[in-house]
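Participant: Chain by chain, the residues run as shown.
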Amino acid sequence: MLEVGLSHYLFVSAILFSLGIYGIVTRKNAVLVLMGVELVLNAANINFVAFSRFGNFGIGGQVYALFVIILAAAEAAIALAIVLNIYKTFANVNVDEISKLKE
Amino acid sequence: MDLSFITESLYFVKPEIAASASIILLVLLDLIFHKNKTIIPYVALAGIIITGIFVVDQFNISGFAFLSTDNPKYGMIAVDNFGAFFKLIIIISSIFVVAFSAYSDEINKITDRLGEYYALIFGMILGMLVLISASDLILIYLSMELLSLSSYVLAGFTKLRDRSSEASLKYLLYGATSTGMMLFGISILYGLTGSTNLYIISAALQTQSLNLLTLAFSIILIFAGIGYKISSAPFHFWTPDVYEGAPISITAYLSVASKAAGFALLIRFIKTTFVTFVDDNGNWQLLQVFDWESLLIIISLLTMTLGNFTALWQRNLKRMLAYSSIAHAGYLMLGLLVFSNQGLIAILIYFTIYLFMNLGAFFIVMVIANKTGSEDIDDYDGLGFKSSFLGVSLAIFLVSLTGLPPTAGFIGKLYLFIALVDAKMLTVAIIALLNTVVSLYYYIRVLKHMFLTSPTEKTEKIPLNFGQIAVIIIMLIPILLFGVYFSPVVDLAKSYITILGF
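Quick mapping for you: the protein sequence lines, in order, are chains A and B. Quick note on numbering: the first sequence equals residues 40 to 142 in my numbering. Quick note on numbering: the second sequence equals residues 406 to 907 in my numbering.
I should point out that these hints are in silico values taken from the structure, not numbers from a laboratory. One or more of the hints may lead you astray.
[Said to hold, decoys possible] Here are the simulated SDA-like pairs of lysine to any residue, each with C-alpha atoms no more than 20 Å apart in a straight line:
(1) K478/B to G99/A
(2) K791/B to K853/B
(3) K442/B to E521/B
(4) K139/A to R720/B
(5) K139/A to G778/B
(6) K139/A to A507/B
(7) K139/A to Q719/B
(8) K514/B to N124/A
[As the list claims (entries may be wrong)] Restraint-style ranges between C-beta atoms, simulated for each label pair:
(9) N131/A to F714/B: 32 to 40 Å
(10) Y126/A to S900/B: 47 to 55 Å
(11) S57/A to I849/B: 45 to 53 Å
(12) T443/B to E136/A: 37 to 45 Å
(13) F856/B to L105/A: 40 to 48 Å
(14) S699/B to Y126/A: 29 to 37 Å
(15) I849/B to K67/A: 36 to 44 Å
(16) S57/A to A451/B: 48 to 56 Å
(17) F856/B to L71/A: 32 to 40 Å
(18) L71/A to L433/B: 32 to 40 Å
The C-beta atom is built at its ideal place from N, Cα and C for all residues, glycine as well.
All chains should be modelled from the sequences, with the hints used to inform the complete structure.
Facilitator: Next up, the structure:
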């Protein structure tokens, strides 16, 4: 029977982090870029909880994960408000087409 | 339950408490005075001044607040002279930004959301104050997010203009990505060392043998977050777009205060985590776990070269000042990469001067944009003849940004270069010097448009009221005075370099 250990959690979080960065770099829709950011934050959360559980570092890591979840919610709220505002002014949310500021 | 440790901690966070109270007060006043909001800027100014009094009160006080449960010797917030100095820079620039906003047509058009504007500025102030003295990675992340979230909204505050909305979207996307990467780096560092407190991490790095490759990976990720705040290459791509699109008062604030907080964080992070002791000559002895020196040299030279060379062909003055502020981040990093007290003194001197010269340049650009509605360099043709006071003042600020005597900018650069030469980094010093020469071109080009081009029929006389002239003169005095009589700044900087733990 395979025992699930620290390295398995780290492996999952590394995959999530890479997927998140891949999404941020390749997606053109602003909402999908923000979903990539959420993946990165949750990868860090898995790390925090896994380290605090398997490293015997006390409860700290799990509390940090809670902080991060709350902040991610706050960030998503502000991000969506900004994206909505972009949609009102530009009538799309494609990151490549919003470029009035380029010289 | 014993709560005395909390009440004792509150003594160290009085400025932060005052800033938080101001946020609540401003939101309430916004609700109460929903018709006439003229009182709100005065309340904001009073809040900043009260916060400033508490900051001045913190001079020469040192100690930890909110002690760590793992090791009660250390805490989450380190109060020391170094932090107090940077907090004072934040407070002074906040006062100027409130003055800027009062004279900004962009902001004054939005009378109904004025309460939000100042409440968000206080959100930034609170974030920066905590960021400067945070000595725990989680607190660093939280305060950085507080600062960032407030500034995303402020960058797009004039939301009906498409340029402003675009600025806020770009700021958000770059910011969210780099703080996310920073958080991942923090989580790895936590796993490696078992703590998020910088002092405990430092002890762990000294005693345990860690996987240096993983450590380097986590440090580079954390540096991505800090580098984005100070707009250093290769994390600077947001800077020109955001600076151009955001309201000018916010641009000025981001270029000075937010950068100061980022630098304070970078210096504190490196010094508490990676420096074992400071020898008698003031040189910092770095731990041999990560090659900070090479990283900082490469990034600093890359930042200033990219900033200066891209600024050469900018026609929008706000965008040009954005690239110039990127270049200045590179210069400021020169003071850090020598890893000595002398370099730290040079950074503090440079920041004191940079505060006045950069805010001054942005204020004049704003006053002109209020009248002409654009920041294009062609609108400055013959301005020196039509509005000579503005022309001469802008010339002084730009000459000071270049770093020519007799302005204060020269003193700032001089101390940085002396620190470099003393650390025997001649190659770096020469490249930085050549960069200064390049920067001369684009600063002086503005002077050429103002004084050597004859006024066109488009050029108007810019009307100035008493308050605007007073703000400009208050910023001009330090630039001219410190250029010839700089010993007070140097003495001040020398007495404010103590970081807790050394």
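Participant: Are the hints correct? Go through all of them and say.
Facilitator: Comparing the hints with the structure gives:
1. Taken as a hint, the K478/B and G99/A pair is honoured in the structure, with Cα atoms around 17 Å apart against an allowance of 20 Å.
2. The suggested pairing of K791/B with K853/B holds, with an alpha-carbon distance near 14 Å, which does not exceed 20 Å.
3. For the proposed pair K442/B and E521/B, the alpha carbon gap of about 11 Å is at most 20 Å, so the pair holds.
4. Between K139/A and R720/B the CA atoms are separated by roughly 15 Å; this keeps the pair inside 20 Å, and the hint holds.
5. Distance hint between K139/A and G778/B is fulfilled; the C-alpha atoms sit about 17 Å from each other, no more than 20 Å.
6. For the hint pairing K139/A with A507/B, the CA-to-CA distance comes to about 28 Å; that exceeds 20 Å, so the pair is violated.
7. Between K139/A and Q719/B, the direct Cα distance comes to roughly 15 Å. Compliance with the 20 Å bound is thereby established for this hinted pair.
8. With a CA separation close to 19 Å, the supplied pair K514/B and N124/A stays within the 20 Å bound.
9. Distance hint check for N131/A and F714/B: the Cβ-Cβ separation is about 33 Å, which falls inside the suggested range of 32 to 40 Å.
10. For the hinted restraint 47 to 55 Å between Y126/A and S900/B, the CB-CB distance of approximately 53 Å keeps it satisfied.
11. Between S57/A and I849/B the Cβ separation comes to about 47 Å, which falls inside the hinted range of 45 to 53 Å.
12. Between T443/B and E136/A the Cβ separation comes to about 40 Å, which falls inside the hinted range of 37 to 45 Å.
13. Checked against the hint of 40 to 48 Å, the C-beta distance between F856/B and L105/A comes to roughly 60 Å, which is inconsistent with it.
14. Checking the proposed 29 to 37 Å range against S699/B and Y126/A shows it is violated: the Cβ atoms sit about 45 Å from each other.
15. Against the hinted window of 36 to 44 Å, the Cβ-Cβ separation of I849/B and K67/A comes to about 41 Å, which satisfies the hint.
16. Our hint of 48 to 56 Å for S57/A and A451/B holds, since their Cβ atoms are close to 50 Å apart.
17. Taken as a hint, the range 32 to 40 Å is violated for the pair F856/B and L71/A, whose Cβ atoms sit roughly 51 Å apart.
18. Here the CB-CB span from L71/A to L433/B is close to 38 Å, well matched to the stated 32 to 40 Å.
In this structure, the earlier hints numbered 6, 13, 14, 17 are contradicted, and the remaining ones agree with it.
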